[in-house]
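Asker: Line by line, the protein sequences are chains A and B.
Residues 1 to 224 in the working numbering are what the first sequence lists, from first letter to last.
Residues 225 to 453 in the working numbering are what the second sequence lists, from first letter to last.
If you are wondering where the hints come from, they were derived from the structure by calculation, not from laboratory data.
From a predicted model like this one, the values you see are computed outputs, not experimental measurements.
Some clues are possibly wrong.
As the list claims (entries may be wrong) - Non-contacting residues of chain B with respect to chain A, defined by C-beta distances greater than 12 Å in every case (computed):
no.: 1; residue: S233
no.: 2; residue: G257
no.: 3; residue: P265
no.: 4; residue: R275
no.: 5; residue: R305
no.: 6; residue: H311
no.: 7; residue: P391
no.: 8; residue: A393
no.: 9; residue: V417
no.: 10; residue: Q435
no.: 11; residue: A438
To be verified - Reference listing, derived: stretches of chain A covered by chain B, where coverage requires no fewer than 3 residues with Cβ under 8 Å from a Cβ of chain B:
no.: 12; stretch: 15-27
no.: 13; stretch: 81-89
What the hints assert, rightly or not - Going by beta-carbon spacing under 8 Å, a handful of chain A positions derived as facing chain B:
no.: 14; residue: R3
no.: 15; residue: T4
no.: 16; residue: A7
no.: 17; residue: K11
no.: 18; residue: A73
no.: 19; residue: H75
no.: 20; residue: P130
no.: 21; residue: E223
no.: 22; residue: D224
Just so it is clear, CB atoms sit at the ideal spot from N, CA and C, and this is done for glycine as well.
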Amino acid sequence: MRRTVAALLAKDLALELRTRESVPAMVLFTVTTYVIFHFGLDRNSVDGDLAAGVLCVTLLFAAILGINRLFVAEHEQGGFDGFLLAPVDRTALFVAKAIGLFAFLCVVELVAVPAFAILLLGPSLTQALPGLVAVLLAANAGIAVVGTLVAALAIQTRARDLMVPLLALPLLVPVVLGASRATAPLFAAGGAGALAGNWMAMLALYDLLFALIAYAVFDFLLED
Amino acid sequence: MPDSEPAVSLRGAGRRYGERAALRDVSLDLAVGQTLVVFGPNGAGKTTLLRMLATLLRPHAGEVRVLGSALPDDGYAVRGRIGFLGHEPLLYRELSGRENLRFHARLHGVATERVEVVLEHVGMHRRADDPVAELSRGMVQRLAVARAVLHEPELLLLDEPLANLDPAAIARVQPLIGASSGRTRVLTSHDPVGGLVGADVALGLKAARVQWLAPAAEITLAKIAALYA
Numbered sequence: 001m002r003r004t005v006a007a008l009l010a011k012d013l014a015l016e017l018r019t020r021e022s023v024p025a026m027v028l029f030t031v032t033t034y035v036i037f038h039f040g041l042d043r044n045s046v047d048g049d050l051a052a053g054v055l056c057v058t059l060l061f062a063a064i065l066g067i068n069r070l071f072v073a074e075h076e077q078g079g080f081d082g083f084l085l086a087p088v089d090r091t092a093l094f095v096a097k098a099i100g101l102f103a104f105l106c107v108v109e110l111v112a113v114p115a116f117a118i119l120l121l122g123p124s125l126t127q128a129l130p131g132l133v134a135v136l137l138a139a140n141a142g143i144a145v146v147g148t149l150v151a152a153l154a155i156q157t158r159a160r161d162l163m164v165p166l167l168a169l170p171l172l173v174p175v176v177l178g179a180s181r182a183t184a185p186l187f188a189a190g191g192a193g194a195l196a197g198n199w200m201a202m203l204a205l206y207d208l209l210f211a212l213i214a215y216a217v218f219d220f221l222l223e224d
Numbered sequence: 225m226p227d228s229e230p231a232v233s234l235r236g237a238g239r240r241y242g243e244r245a246a247l248r249d250v251s252l253d254l255a256v257g258q259t260l261v262v263f264g265p266n267g268a269g270k271t272t273l274l275r276m277l278a279t280l281l282r283p284h285a286g287e288v289r290v291l292g293s294a295l296p297d298d299g300y301a302v303r304g305r306i307g308f309l310g311h312e313p314l315l316y317r318e319l320s321g322r323e324n325l326r327f328h329a330r331l332h333g334v335a336t337e338r339v340e341v342v343l344e345h346v347g348m349h350r351r352a353d354d355p356v357a358e359l360s361r362g363m364v365q366r367l368a369v370a371r372a373v374l375h376e377p378e379l380l381l382l383d384e385p386l387a388n389l390d391p392a393a394i395a396r397v398q399p400l401i402g403a404s405s406g407r408t409r410v411l412t413s414h415d416p417v418g419g420l421v422g423a424d425v426a427l428g429l430k431a432a433r434v435q436w437l438a439p440a441a442e443i444t445l446a447k448i449a450a451l452y453a
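Start from the sequences and build out the full structure, keeping to the hints where you can.
Answerer: If you want it as structure tokens, here you go:
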């Protein structure tokens with residue numbers, strides 16, 4: 001399984017480096033959205049709940065772009081058949097795609113979070129950073145697991161671009177809720193508070209739950 | 225698999241796409257090392273038959289056994305023993321031929337050295353680092369042949385395998401996928417003369433049904449032409 005996951009990941013990374021279809025689009029989307037918020041809210045800075053909400057919701061919408069493209073190469077260039085003809089555990093495809101999406105989200109956030117801090121965030125990012133990294137990693141895991149499952153479902157339909165947001169957004173509400181509630185104290189106006197442990201736990205539980213669901217059903221999604 | 229067991233065995237096999245039957249009631253046996261050539265007009269069910277044998281489609285009726293394993297339940301056991309060459313090359317356009325073959329080699333647990341061997345066989349070693357998107361259709365087909373035989377499969381499923389190939393390329397790939405490869409083969413063809421070369425058994429399909437199934441030596445060109453009438 002590890003060998004297969006590594007092969008799939010290396011292939012996806014090579015494809016992304018050649019085509020630059022997902023990550024640059026996601027980065028551009030997040031930065032543009034923060035610029036729009038900057039002018040749209042008519043405020044120089046935000047903090048607390050509002051800051052956490054703007055950060056997390058924007059990252060979620062950026063993730064939708066990546067989720068939409070997750071299986072496009074497999075679908076359009078025969079990658080599904082090539083994979084299904086190999087004597088490998090089919091769950092490896094789910095694991096590789098989820099890890100790939102997780103990595104893409106992390107790269108996007110390396111640009112998006114500093115951009116958010118510059119364009120919108122009032123309180124210091126430095127104080128909030130350790131907690132924020134933990135929240136974003138947990139949120140990325142949830143988005144990657146749910147997103148991969150949804151992308152595998154949607155790619156089989158003709159209205160893929162419509163199906164992904166329709167299916168993913170409701171399923172990702174708990175992730176956004178957990179992430180933004182956990183982040184809000186970190187962006188408090190008076191300085192970073194403690195990470196909301198209960199929301200982090202909820203986020204981790206949701207990640208685990210969906211990882212188990214995906215593990216159980218992914219094979220069936222690949223059946224004709 | 226016992227020696228006496230056929231490499232491919234179908235009993236009343238069928239497949240539907242929604243309400244439409246793509247293949248009905250196909251029964252045949254193909255011994256190890258033999259070649260079955262399938263003729264039939266577009267939409268006759270040839271590709272469906274190959275994809276079913278390749279474990280890519282589930283049979284909706286009857287029994288299908290490939291290399292001693294019942295499909296679809298034991299599909300896992302035969303996947304690595306089948307080489308499938310369909311209409312699509314199953315290669316990523318943005319990756320080079322070598323990168324594509326190395327990827328498939330890793331999936332099949334094949335040593336990287338084997339990639340260079342098959343590239344040499346199909347005469348693509350000089351263009352192996354070019355992206356597939358920049359290659360001609362014939363070159364892509366040669367890479368697809370290399371991909372199909374990379375893991376040295378026992379059973380070859382070939383959907384019009386010589387399409388887009390020039391005579392020199394055909395001569396290059398024959399030792400890999402031709403009768404001289406020694407492998408059990410199921411291939412589709414629209415070429416009545418070329419298709420029968422090296423074939424042991426011939427199957428005529430039309431409108432998802434078997435029209436005839438006979439030793440290749442007994443099949444006349446007129447019989448094949450009648451399928452397309």
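Asker: Does the no-contact call for B:R275 survive, Cβ to all of chain A over 12 Å?
Answerer: At roughly 8 Å from the nearest Cβ of chain A, B:R275 sits no farther out than 12 Å, so the non-interface label is violated.
Asker: Beyond 12 Å on every Cβ pair: is that true for B:S233 relative to chain A?
Answerer: holds, 20 Å
Asker: Are A:R3 and chain B close enough, Cβ to Cβ, to be under 8 Å, as the hint says?
Answerer: holds, 6 Å
Asker: Does A:H75 pass the interface hint, meaning its C-beta sits closer than 8 Å to a C-beta of chain B?
Answerer: Interface hint status for A:H75: violated (11 Å vs cutoff 8 Å).
Asker: Taking the closest Cβ pair, is A:D224 under 8 Å from chain B?
Answerer: holds, 5 Å
Asker: Compute the least Cβ-Cβ separation between B:G257 and chain A, then decide whether it is above 12 Å.
Answerer: Its Cβ never comes within 12 Å of chain A, the nearest being 22 Å, so this holds.
Asker: Does A:K11 hold up as a contact with chain B if the rule is Cβ-Cβ below 8 Å?
Answerer: holds, 5 Å
Asker: Holds or violated: A:T4 as interface residue toward chain B, Cβ cutoff 8 Å?
Answerer: Nearest chain B Cβ about 6 Å off; hint holds.
Asker: Are all C-beta atoms of chain A more than 12 Å from that of B:V417?
Answerer: holds, 30 Å
Asker: Are all C-beta atoms of chain A more than 12 Å from that of B:Q435?
Answerer: Non-interface label on B:Q435 holds, nearest chain A Cβ at 26 Å vs cutoff 12 Å.
Asker: Minimum Cβ separation between B:R305 and chain A greater than 12 Å?
Answerer: B:R305 is in fact no farther than 12 Å from some Cβ atom of chain A, at 8 Å.
Asker: Can A:P130 be said to touch chain B, with a Cβ gap under 8 Å?
Answerer: violated, 38 Å
The structure fails to meet hints 4, 5, 6, 19 and 20 from the earlier list, while all remaining hints are met.
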